[in-house]
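Order-wise, the sequence lines are chains A and B.
Residue numbers for the first sequence, in this note's numbering: 1 to 608.
Residue numbers for the second sequence, in this note's numbering: 1 to 346.
Worth flagging that the hints you see were computed from the coordinates, not collected in a lab.
Yeah, the Cβ is synthetic: ideal placement off N, Cα and C, and Gly gets one too.
Please note that a few of the clues may not be correct.
[As the list claims (entries may be wrong)] Far from chain B, by Cβ distances over 12 Å, these chain A residues were calculated:
no., residue
1, Glu169
2, Thr222
3, Glu277
4, Val497
5, Ala569
[Unchecked claim] Which residues of chain A face chain B? A partial, calculated answer using Cβ under 10 Å:
no., residue
6, His174
7, Tyr233
8, Pro408
9, Val435
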Amino acid sequence: MEATQLGSSPTEQHGTDARVNDFSLVVATANGTGSQTANLTLLRSFFKMGIPVHGKNIFPSNIQGLPTWYHIRVSKDGYVARHPSELLVAFNPATLHEDVANLPAGGVVIHNADLRLRPDRSDLTYYPVPVKELLAGVEVKGKIKEYIANMTYVGVVAHLLGVPLEVLEEALGHHFGKRQKLIDSNLEVVRIAYEWAVLNLPKTDRFRVAPMNATTGLIMMTGNEAGALGSVYGGVSVSGWYPITPSTSFIDSLREYLAKLRVGPDGKATFSVIQAEDELAAIGMVVGAGWAGARAVTATSGPGISLMAEFLGLAYYAEVPAVVWDIQRVGPSTGLPTRTSQGDVAFAYNLGHGDTKQVLLFPSSIEECFEFGYKAHDLADKLQTPVLVLSDLDLGMNNWMGKPFEYPDAPLDRGKVLNAEEVAALPEFGRYKDVDGDGVPYRTLPGNENPRAAWFGRGTGHDEQARYSERAEDWVKNMDRLARKFDTARALVPAAVVDEQPGAKLGIIAYGTTRYAIEEARDLLAARGVATDFMRIRALPIGPEVEEFVAAHERLVVIEMNRDGQLTAILRDELPVHAAKLKPIAYLDGMPLTADWVVGRLNAHLGE
Amino acid sequence: MDRPAPAAKLNRAGLSKSDYVGSPSTLCKGCGHNSVASQLIQIAYELDLRPHEIIKLSGIGCSSKSPAYFLGQSHGFNSLHGRMPALGTGALQANHTVRAIGISGDGDTGSIGLGQFKHMLRRNVRMAYLVENNGVYGLTKGQFSATSEEGHKLKYAGVNQFPALDLCLEALAAGAGFVARTFAGDAKQVREVIKAGLSFRGTAVIDIISPCVAFNDEADSRHSYAYGREHERALQDVGFIPAQEEIIIDDYEPGTTQIVELHDGSRMTLRKLEADYDASNRVQAMARLQQADAQGELLTGIVYYDDSRPSLAEVSGMTDTPLSMLPDEQLRPSAAALHDLMAGYA
Numbered sequence: 001m002e003a004t005q006l007g008s009s010p011t012e013q014h015g016t017d018a019r020v021n022d023f024s025l026v027v028a029t030a031n032g033t034g035s036q037t038a039n040l041t042l043l044r045s046f047f048k049m050g051i052p053v054h055g056k057n058i059f060p061s062n063i064q065g066l067p068t069w070y071h072i073r074v075s076k077d078g079y080v081a082r083h084p085s086e087l088l089v090a091f092n093p094a095t096l097h098e099d100v101a102n103l104p105a106g107g108v109v110i111h112n113a114d115l116r117l118r119p120d121r122s123d124l125t126y127y128p129v130p131v132k133e134l135l136a137g138v139e140v141k142g143k144i145k146e147y148i149a150n151m152t153y154v155g156v157v158a159h160l161l162g163v164p165l166e167v168l169e170e171a172l173g174h175h176f177g178k179r180q181k182l183i184d185s186n187l188e189v190v191r192i193a194y195e196w197a198v199l200n201l202p203k204t205d206r207f208r209v210a211p212m213n214a215t216t217g218l219i220m221m222t223g224n225e226a227g228a229l230g231s232v233y234g235g236v237s238v239s240g241w242y243p244i245t246p247s248t249s250f251i252d253s254l255r256e257y258l259a260k261l262r263v264g265p266d267g268k269a270t271f272s273v274i275q276a277e278d279e280l281a282a283i284g285m286v287v288g289a290g291w292a293g294a295r296a297v298t299a300t301s302g303p304g305i306s307l308m309a310e311f312l313g314l315a316y317y318a319e320v321p322a323v324v325w326d327i328q329r330v331g332p333s334t335g336l337p338t339r340t341s342q343g344d345v346a347f348a349y350n351l352g353h354g355d356t357k358q359v360l361l362f363p364s365s366i367e368e369c370f371e372f373g374y375k376a377h378d379l380a381d382k383l384q385t386p387v388l389v390l391s392d393l394d395l396g397m398n399n400w401m402g403k404p405f406e407y408p409d410a411p412l413d414r415g416k417v418l419n420a421e422e423v424a425a426l427p428e429f430g431r432y433k434d435v436d437g438d439g440v441p442y443r444t445l446p447g448n449e450n451p452r453a454a455w456f457g458r459g460t461g462h463d464e465q466a467r468y469s470e471r472a473e474d475w476v477k478n479m480d481r482l483a484r485k486f487d488t489a490r491a492l493v494p495a496a497v498v499d500e501q502p503g504a505k506l507g508i509i510a511y512g513t514t515r516y517a518i519e520e521a522r523d524l525l526a527a528r529g530v531a532t533d534f535m536r537i538r539a540l541p542i543g544p545e546v547e548e549f550v551a552a553h554e555r556l557v558v559i560e561m562n563r564d565g566q567l568t569a570i571l572r573d574e575l576p577v578h579a580a581k582l583k584p585i586a587y588l589d590g591m592p593l594t595a596d597w598v599v600g601r602l603n604a605h606l607g608e
Numbered sequence: 001m002d003r004p005a006p007a008a009k010l011n012r013a014g015l016s017k018s019d020y021v022g023s024p025s026t027l028c029k030g031c032g033h034n035s036v037a038s039q040l041i042q043i044a045y046e047l048d049l050r051p052h053e054i055i056k057l058s059g060i061g062c063s064s065k066s067p068a069y070f071l072g073q074s075h076g077f078n079s080l081h082g083r084m085p086a087l088g089t090g091a092l093q094a095n096h097t098v099r100a101i102g103i104s105g106d107g108d109t110g111s112i113g114l115g116q117f118k119h120m121l122r123r124n125v126r127m128a129y130l131v132e133n134n135g136v137y138g139l140t141k142g143q144f145s146a147t148s149e150e151g152h153k154l155k156y157a158g159v160n161q162f163p164a165l166d167l168c169l170e171a172l173a174a175g176a177g178f179v180a181r182t183f184a185g186d187a188k189q190v191r192e193v194i195k196a197g198l199s200f201r202g203t204a205v206i207d208i209i210s211p212c213v214a215f216n217d218e219a220d221s222r223h224s225y226a227y228g229r230e231h232e233r234a235l236q237d238v239g240f241i242p243a244q245e246e247i248i249i250d251d252y253e254p255g256t257t258q259i260v261e262l263h264d265g266s267r268m269t270l271r272k273l274e275a276d277y278d279a280s281n282r283v284q285a286m287a288r289l290q291q292a293d294a295q296g297e298l299l300t301g302i303v304y305y306d307d308s309r310p311s312l313a314e315v316s317g318m319t320d321t322p323l324s325m326l327p328d329e330q331l332r333p334s335a336a337a338l339h340d341l342m343a344g345y346a
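Produce the complete structure using the sequences and hints provided.
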């Protein structure tokens with residue numbers, strides 16, 4: 001019966017308003033109940049059916065018992081931004097009524113029948129699932145039974161939307177790998193629920209899926225996995241790190257990939273990953289390794305970035321390569337540790353006291369996480385400075401579709417490092433001398449046998465020979481050179497990406513993951529005849545293309561997920577002539593933006 | 001006409017003593033730290049060290065400036081206050097073949113850096129970690145440090161109301177395998193203990209009482225030259241014999257002189273001055289330190305020695321080539337590996 005339903009056209013079954021491959025589903029559970037496996041099984045199933053899909057885990061800072069929502073956006077058009085959900089899996093008694101109240105008219109509630117739900121909205125379709133009854137015959141005990149209970153909604157949702165059982169089995173196989181017992185026990189529950197639903201839940205709502213081929217050749221991965229893999233392909237050898245949400249999975253992935261991909265010919269590790277006592281030490285290890293000549297990375301989030309300010313100021317001034325991934329969460333302070341943000345931009349850009357300026361990269365996709373993952377190390381070496389990659393929780397911890405990563409098209413670029421022979425060939429070696437006029441000096445590494453190669457690294461004022469100096473001329477000369485070096489960075493960092501529509505008057509500027517809501521919003525506006533141009537900034541300092549875009553538009557908005565418009569302020573400072581034109585649309589409540597919100601704000605802006 | 005200067009005597013590394021000097025010291029005349037720096041020059045010369053095989057690391061403070069004043073042909077890094085252990089950990093994981101000389105002070109180690117100090121010891125990072133301990137903040141002009149004795153009076157700081165931290169005790173509690181205390185006024189002992197520390201398998205903690213002539217050298221201060229000379233009590237007469245030399249011990253008395261083989265084949269000789277002191281007994285070491293403190297003794301020598309615990313580099317399972325010197329083909333995995341990995345995410 002399912003097969004016929006899949007093969008038939010939606011109009012035959014559910015009238016002209018059938019919604020095929022175009023809806024959002026939210027699963028409400030308490031965290032610590034193992035719902036992640038169930039949710040990822042659904043996500044992976046849609047993906048395997050060839051339907052564009054994306055999942056966002058909205059989870060609490062807690063181990064067990066607090067509410068969690070998993071949002072799945074199914075979109076034949078490939079939209080992945082957060083979208084208000086029409087379908088609800090209501091398995092959390094604590095949020096049951098609020099979750100039901102949030103649904104739009106025509107919505108669907110698939111609820112645990114063991115919870116006391118008053119079906120007080122007549123504009124919704126209800127599907128009760130007798131979880132206890134369905135599990136009665138299943139032979140697993142204790143905790144596992146509790147975990148596996150979530151598989152009941154997987155079976156019911158699959159039936160209601162039209163996901164074939166064999167696809168679910170494939171998705172479970174992806175999740176559990178070779179652990180066949182786990183696949184079997186989960187699949188058993190899915191099957192029981194599915195078969196029960198076929199007999200007992202006649203479908204009366206309009207939402208369903210149908211196979212497509214829009215995900216052929218794509219992968220699905222989290223940004224943290226992609227960034228970690230990129231780092232490995234950037235030749236990273238050392239990592240010092242300290243656990244902090246939402247960055248921890250970056251290091252977990254890094255360790256996994258290194259163990260797999262970085263074993264030397266002698267069977268030993270060609271890497272070292274050390275769990276530090278805090279972020280002060282984590283970044284200290286990274287800077288120490290960078291000074292000694294190994295590529296090093298750490299991953300952290302806002303509170304960790306605060307602690308790393310000291311060492312990153314030193315690394316800026318002593319000119320030591322380092323790569324830091326900041327998987328942004330909501331601050332100030334401990335803030336909302338499990339919610340996403342773009343709140344660290346201003347702090348990171350000037351991280352360190354005095355006239356510190358840091359190079360920042362803003363990945364927006366898993367492809368960019370991989371690409372920036374290795375490029376960050378080339379940049380850090382070429383510029384002899386820290387590079388901070390500002391990702392966010394949404395990108396880092398959620399699963400995103402993307403193209404398989406392309407192998408780097410250029411060899412590792414270690415920058416200006418002199419070996420013993422090269423030092424010998426020079427009339428003199430001055431560690432901080434601007435030989436090439438680009439502000440980037442030459443360095444040597446410990447272990448260099450030339451007696452003239454040694455230099456003394458320091459955070460104190462120094463001359464071109466790295467000798468201690470308090471002379472005013474030395475200070476100014478060195479700081480001017482560092483400013484020159486920062487200008488050199490403008491041409492080396494990833495350039496902004498511009499997308500123009502004919503006749504557009506409004507220029508939209510953004511960075512990172514807000515692109516998805518913005519791109520969808522632009523399509524919505526275009527459908528109403530409103531054209532827009534869009535520039536996605538991918539790094540700081542900005543390059544000439546940013547000024548070009550800004551100069552070419554009379555009306556400009558900068559959309560960002562923070563309260564104060566942090567990038568707006570940086571752009572105004574960089575482009576003072578255009579400062580008045582740059583208007584921030586800055587908002588942060590911890591949730592990723594939606595297209596509707598962007599449209600509303602742009603309309604308000606255009607109406608001004 | 002000038003006569004040609006007599007040729008300087010060269011060591012086995014083909015270097016003269018002047019090859020081991022650094023920039024002129026900017027510390028006060030008579031500062032204990034200067035004598036430590038000159039001992040390090042002497043040590044490097046005597047041990048035939050090759051400068052490029054050494055790195056010098058420090059934090060912030062008077063002590064931490066001093067790596068600029070010795071071994072000018074070695075790379076060095078004067079880093080952040082209390083953070084040298086982390087920097088050193090990263091540097092030594094990047095290149096585990098260099099020997100590290102760490103220079104810290106009592107503020108750098110005992111206050112701001114106490115956490116990093118103890119975690120470095122837990123990990124057993126291979127470094128001779130010298131604390132030039134003078135019981136006072138010099139650069140900021142005379143505040144008490146965490147190693148100042150309780151009740152001590154200083155001109156500007158007044159009376160110290162808090163008990164002192166004993167860095168050797170802290171090191172023992174953190175699991176250090178080489179814990180020594182010495183006195184900058186006892187040059188020979190400083191030299192021999194540092195030599196042994198440089199050959200140790202992991203972190204060698206050497207707490208050097210190094211008087212501050214500007215702010216804390218009154219005779220009643222436990223960190224003064226006068227107090228040290230008066231109250232020093234050595235646990236052993238420490239000697240060091242490089243790997244290639246034979247052991248010759250004057251007045252050898254069986255049972256009283258212990259010969260300890262160090263990690264690189266060199267040996268440390270300990271001629272016991274306290275017959276029943278056992279430097280391999282951590283509990284006794286802690287008790288003896290506390291007893292010495294109660295009695296006002298400046299207890300010096302090898303307080304504790306145990307090389308059974310591997311260093312961080314050893315437990316890391318790293319390949320023999322330093323990570324910093326790996327060729328590119330060992331740094332970036334293959335395109336085929338990436339392709340295979342991608343298939344798992346499809």
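Evaluation of the provided hints:
1. Glu169: 17 Å, holds
2. Thr222: 10 Å, violated
3. Glu277: 4 Å, violated
4. Val497: Its Cβ never comes within 12 Å of chain B, the nearest being 23 Å, so this holds.
5. Ala569: 29 Å, holds
6. His174: Holds: closest Cβ of chain B sits about 8 Å from His174(A), inside 10 Å.
7. Tyr233: 6 Å, holds
8. Pro408: 7 Å, holds
9. Val435: 20 Å, violated
In the structure shown, a violation is registered for the earlier hints numbered 2, 3 and 9, in ascending order.
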